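Residue numbers (the working numbering), protein chains in the order written: chain A, 1 to 301; chain B, 302 to 580; chain C, 581 to 934.
It is worth saying that the hints were derived from the structure and are not from the lab. The model shown is predicted, which means the values in this text are computed figures rather than measured ones. C-beta atoms are modelled at their ideal positions from N, C-alpha and C, and glycine is treated no differently. Treat each hint with caution, since some may be false.
Unchecked claim - Partial selection, computed: residues in chain B whose CB lies under 10 Å from chain C: (1) Lys416; (2) Met432; (3) Ala492.
As the list claims (entries may be wrong) - A few chain C positions that, by computed beta-carbon distances, are all more than 10 Å from chain A: (4) Thr591; (5) Ile632; (6) Arg707; (7) Ile708; (8) Phe722; (9) Tyr737; (10) Phe751; (11) Cys770; (12) Lys777; (13) Ala891; (14) Glu897; (15) Ile905; (16) Glu912; (17) Pro913; (18) Glu925.
Stated by the list, open to error - If you anchor each label on the Cβ, the simulated ranges turn out as follows: (19) Phe338/B / Leu124/A: 27 to 37 Å; (20) Thr591/C / Asn363/B: 46 to 56 Å; (21) Gly364/B / Leu124/A: 35 to 45 Å.
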Amino acid sequence: MAELGPVLEVFLGGLMSGVLYALVALGFVLIFKASGVFNFAQGAMVLFAALSLVRLSEWLPFGVAVLLTIAIMIALAWAVERLVLRPLVGQHGLILFMATIGVTFFLDGFGQTIWGSNVYQLDLGIPASPWFLFENLFPGGILVSPIDVFAAVIAGTLVVALSIFFHSTKIGRALRAVADDHQAAQSVGIPLNQIWLIVWSTAGIVALVAGMAWGTKLGVQFSLSLIALKALPVLILGGLTSIPGAIIGGLIIGAGEKLAEFYIGPLIGGGIEYWFAYVLALAVLLVRPQGLFGEKIIERV
Amino acid sequence: MATATVTPPREAAERSVRRARQIGEVLLAVENISLRFGGVRALSNVSFDIRRGEIRAIIGPNGAGKSSMLNVINGFYQPQEGRIIWKGRALSRMRPYDAAKGGIARTFQNIALFKGMSTLDNIMTGRILKMRASFFEQALWIGRGKSEELRERAFVERILDFLEITHIRHVPVGKLPYGLQKRVELARALAMEPELLLLDEPMAGMNLEEKEDMCRFILDVNEEFGTTVALIEHDMSVVMDISDRVVVLDYGRLLADGTPEEVRNDPAVIEAYLGVSHG
Amino acid sequence: MIYRETGQFRTSYAEDQAIFRLREDRIGIIVILAIAWVGIPLVADEYLLRAILIPFLILSVAAIGLNLLLGYCGQISLGTGAFMAVGAYAAYNLALRLPEIPLLIDFLLAGLIAAGIGIVFGLPSLRIKGLYLAVATLALQFFADWAFLRVHWFTNYTPSGSVTAPPLDIFGWLVDTPLEKYWLCLAFACATALFAKNLVRSRIGRSWMAIRDMDIAAEIIGIRPMHAKLSAFAVSSFIAGLAGVLWAFVHLGSWEPLAFSIDMSFRLLFMVIIGGMGSILGSFLGAAFITILPIFLNQVPAMVGIQLSTAMVSHLEFMIFGTLIVLFLIWEPHGLARLWQIGKEKMRLWPFPY
Numbered sequence: 001m002a003e004l005g006p007v008l009e010v011f012l013g014g015l016m017s018g019v020l021y022a023l024v025a026l027g028f029v030l031i032f033k034a035s036g037v038f039n040f041a042q043g044a045m046v047l048f049a050a051l052s053l054v055r056l057s058e059w060l061p062f063g064v065a066v067l068l069t070i071a072i073m074i075a076l077a078w079a080v081e082r083l084v085l086r087p088l089v090g091q092h093g094l095i096l097f098m099a100t101i102g103v104t105f106f107l108d109g110f111g112q113t114i115w116g117s118n119v120y121q122l123d124l125g126i127p128a129s130p131w132f133l134f135e136n137l138f139p140g141g142i143l144v145s146p147i148d149v150f151a152a153v154i155a156g157t158l159v160v161a162l163s164i165f166f167h168s169t170k171i172g173r174a175l176r177a178v179a180d181d182h183q184a185a186q187s188v189g190i191p192l193n194q195i196w197l198i199v200w201s202t203a204g205i206v207a208l209v210a211g212m213a214w215g216t217k218l219g220v221q222f223s224l225s226l227i228a229l230k231a232l233p234v235l236i237l238g239g240l241t242s243i244p245g246a247i248i249g250g251l252i253i254g255a256g257e258k259l260a261e262f263y264i265g266p267l268i269g270g271g272i273e274y275w276f277a278y279v280l281a282l283a284v285l286l287v288r289p290q291g292l293f294g295e296k297i298i299e300r301v
Numbered sequence: 302m303a304t305a306t307v308t309p310p311r312e313a314a315e316r317s318v319r320r321a322r323q324i325g326e327v328l329l330a331v332e333n334i335s336l337r338f339g340g341v342r343a344l345s346n347v348s349f350d351i352r353r354g355e356i357r358a359i360i361g362p363n364g365a366g367k368s369s370m371l372n373v374i375n376g377f378y379q380p381q382e383g384r385i386i387w388k389g390r391a392l393s394r395m396r397p398y399d400a401a402k403g404g405i406a407r408t409f410q411n412i413a414l415f416k417g418m419s420t421l422d423n424i425m426t427g428r429i430l431k432m433r434a435s436f437f438e439q440a441l442w443i444g445r446g447k448s449e450e451l452r453e454r455a456f457v458e459r460i461l462d463f464l465e466i467t468h469i470r471h472v473p474v475g476k477l478p479y480g481l482q483k484r485v486e487l488a489r490a491l492a493m494e495p496e497l498l499l500l501d502e503p504m505a506g507m508n509l510e511e512k513e514d515m516c517r518f519i520l521d522v523n524e525e526f527g528t529t530v531a532l533i534e535h536d537m538s539v540v541m542d543i544s545d546r547v548v549v550l551d552y553g554r555l556l557a558d559g560t561p562e563e564v565r566n567d568p569a570v571i572e573a574y575l576g577v578s579h580g
Numbered sequence: 581m582i583y584r585e586t587g588q589f590r591t592s593y594a595e596d597q598a599i600f601r602l603r604e605d606r607i608g609i610i611v612i613l614a615i616a617w618v619g620i621p622l623v624a625d626e627y628l629l630r631a632i633l634i635p636f637l638i639l640s641v642a643a644i645g646l647n648l649l650l651g652y653c654g655q656i657s658l659g660t661g662a663f664m665a666v667g668a669y670a671a672y673n674l675a676l677r678l679p680e681i682p683l684l685i686d687f688l689l690a691g692l693i694a695a696g697i698g699i700v701f702g703l704p705s706l707r708i709k710g711l712y713l714a715v716a717t718l719a720l721q722f723f724a725d726w727a728f729l730r731v732h733w734f735t736n737y738t739p740s741g742s743v744t745a746p747p748l749d750i751f752g753w754l755v756d757t758p759l760e761k762y763w764l765c766l767a768f769a770c771a772t773a774l775f776a777k778n779l780v781r782s783r784i785g786r787s788w789m790a791i792r793d794m795d796i797a798a799e800i801i802g803i804r805p806m807h808a809k810l811s812a813f814a815v816s817s818f819i820a821g822l823a824g825v826l827w828a829f830v831h832l833g834s835w836e837p838l839a840f841s842i843d844m845s846f847r848l849l850f851m852v853i854i855g856g857m858g859s860i861l862g863s864f865l866g867a868a869f870i871t872i873l874p875i876f877l878n879q880v881p882a883m884v885g886i887q888l889s890t891a892m893v894s895h896l897e898f899m900i901f902g903t904l905i906v907l908f909l910i911w912e913p914h915g916l917a918r919l920w921q922i923g924k925e926k927m928r929l930w931p932f933p934y
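Please take these sequences and the hints and turn them into a complete structure.
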């Protein structure tokens with residue numbers, strides 16, 4: 001039983017970072033569901049939102065900075081819808097995907113040009129010192145970072161809020177209709193462009209939340225953009241169209257890669273966190289191409 | 302009902318005599334085919350045959366299972382029950398590739414051309430199964446790599462000529478008008494030198510003149526090359542004019558099977574098909 | 581400039597199937613080759629060869645590799661850098677461990693090893709499409725980054741993890757001056773371009789394009805998707821692997837795994853999109869553009885008196901790349917190559933545009 005303490009600690013730590021992956025993956029899923037676009041720029045949006053927030057809050061009250069950042073993300077969603085998606089409507093998914101890679105590079109360059117490219121500390125007033133849980137059960141207890149807990153709570157709230165939004169509001173129903181069938185939705189009078197704007201704005205706000213969580217943990221810096229790459233296997237695992245899939249996929253990957261590092265890492269040189277998520281996702285792909293929770297795609301001629 | 306009269310009555314009579322000589326043994330037999338998608342039955346217990354050299358029409362209202370039938374014949378769908386007998390041999394678990402190799406070509410209701418390629422290249426793809434050059438011969442443009450290209454090019458030029466599309470050989474097919482695209486698709490199927498040609502609504506969306514052209518091409522292909530044709534068509538006058546025998550499907554079931562004359566006078570067909578909305 | 585189709589009648593299919601159908605194009609390519617082989621070596625200084633022309637040629641080779649896969653077969657790869665790394669490290673280890681094999685043979689073997697890895701990572705393409713494949717190739721990229729950094733056998737246990745290429749002995753010809761290196765790279769670039777062009781105008785190229793444009797229809801006319809996709813992966817990664825060998829052995833000399841990171845993969849993707857998907861010429865144009873842009877950004881603002889910081893230049897580069905990708909995808913998915921072709925059409929018909 002002496003072994004269990006550290007393992008549990010690794011496991012919990014993994015779950016917590018999994019939540020953060022899930023936050024990024026959530027943005028992907030929203031956009032993919034509603035517009036069929038695999039938005040590679042989600043990570044760049046996380047960076048851009050976090051940078052905007054941290055730099056604005058240097059000379060504005062925090063609440064105002066948050067509101068202003070939300071406004072910026074909505075403006076960004078509008079620009080993407082207008083300048084990139086609308087001209088490319090009806091194009092092959094691959095073309096749209098590559099266009100979002102273009103958006104990624106533009107946003108990364110643009111964000112760092114206007115907001116700077118140093119590492120910025122984002123302080124949300126959360127105690128930095130770790131908590132120790134179950135000290136009576138395990139020697140030394142289990143170390144848990146309050147930031148992680150905070151992020152998990154935020155993520156949970158967000159998922160609940162999004163589910164309510166999707167299932168109980170008029171806009172949510174329209175979104176689901178669009179996700180099912182673009183043309184049918186359009187023919188019953190759902191304005192596609194507005195829906196896309198709403199979805200991209202929502203994804204922008206989700207990116208802001210993810211940026212806040214990651215920024216608090218790691219500092220706001222360029223590497224946040226790369227987190228998106230970690231969210232890709234989460235998506236594959238969970239299925240591109242499933243919100244619960246994004247969450248569970250995130251948890252599996254987060255915990256899985258930490259445990260793998262703990263158990264297998266020392267045997268083969270360490271650092272396997274770097275690719276573990278991808279190889280896991282690839283294995284899932286080969287067995288179940290639609291992911292754990294995704295909808296099976298039926299081909300028609 | 303739109304009409305596209307192709308042959309005056311006297312010629313038609315002469316033709317039927319000639320055709321009786323041309324039509325041969327059973328080329329393909331469909332036996333008790335049933336196909337389901339989840340709970341939906343697309344085809345139930347359908348049987349009919351296609352004889353060598355004939356033009357066989359498959360008709361029926363929308364959703365009757367006509368396209369599904371073609372998809373089963375060329376291996377795109379795997380039926381849950383029944384079997385396809387091709388030239389006397391039962392085929393099981395056939396893939397589209399096997400059908401192509403066996404000599405079955407087809408066109409699609411919604412044109413399925415390779416949009417980024419020229420007319421010539423599209424039709425050349427139909428010759429892929431006839432080409433044998435090794436990788437290195439192709440990469441170095443030597444030996445069969447070069448000679449086959451030229452040989453097949455000459456073959457394809459004859460098809461271009463036959464279908465009167467030589468002038469668009471270098472045009473990307475995406476830029477062609479609809480009627481010409483349909484013709485290029487037919488050309489690609491012909492390039493495979495198929496024994497059985499499946500045409501899924503070859504005349505859909507065409508104007509009268511284009512329809513007449515297409516009818517003429519189908520008849521010419523059938524008579525000059527002896528290619529067996531199975532086609533789905535909505536225009537009844539076309540069907541009655543050019544086909545030797547007609548299969549009628551309704552709700553995935555076989556409703557009637559016979560000569561155009563027999564089918565036209567079949568009460569069940571009149572009831573289920575000709576009686577409703579298509580008049 | 582006289583550029584006319586009039587009066588040139590092709591009397592055989594062989595002439596009509598030639599790579600350069602117009603006499604002016606044939607003259608043009610001879611002139612370009614003469615400049616590349618003779619003219620440039622006469623005038624170019626070491627900086628031009630070393631910093632611009634050699635990397636340009638090698639990246640062109642790699643871009644042709646990716647273009648065959650993405651532009652012709654429609655299969656996306658975000659792992660081209662990894663295939664280059666496989667080629668580079670394979671050649672390094674072959675040269676180190678089997679010194680009796682001639683270096684040039686090592687290069688080709690390294691390409692074949694990369695092709696083998698390409699086939700393995702192309703296997704998922706049989707079950708999954710487009711976006712999922714992007715993830716599968718990213719998996720390779722990350723795995724390769726890690727393996728060459730952490731599995732020290734690949735780097736012969738050098739303490740720093742960086743390795744140095746052996747002297748370039750091509751069957752007794754010791755390639756060591758920048759000019760000789762340039763010629764070597766030029767030879768590879770010409771050979772690759774010819775090889776690729778021949779493939780895409782043959783059966784195999786047509787089956788790739790058919791898969792790209794409509795895989796279901798391709799299968800129905802007798803193309804086996806597995807053959808087409810895996811051969812595209814194999815050829816593409818062979819060429820990328822070869823480019824990796826050149827990049828490591830000829831351009832860098834000594835290198836670290838970072839030389840083939842995801843950054844390289846993205847750059848190659850940009851070359852193909854900007855240069856033109858589905859065009860061999862486009863691969864060269866894209867490589868030229870991406871090689872020259874940073875140099876241009878570094879030097880031109882300074883000439884007109886604007887000082888940009890290094891960080892600023894790199895951000896600007898990001899923004900320009902991003903914008904151009906989107907613009908090209910919207911307006912001209914066939915890239916610079918198509919613009920070039922349109923220019924030629926105009927000239928061919930001038931002064932009567934109809």
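In ascending order, which of the hints set out earlier in this document are inconsistent with the structure? Of the numbered hints given earlier, those the structure breaks are 6, 7, 8, 13, 14, 15, 17, 19 and 21, listed in rising order.
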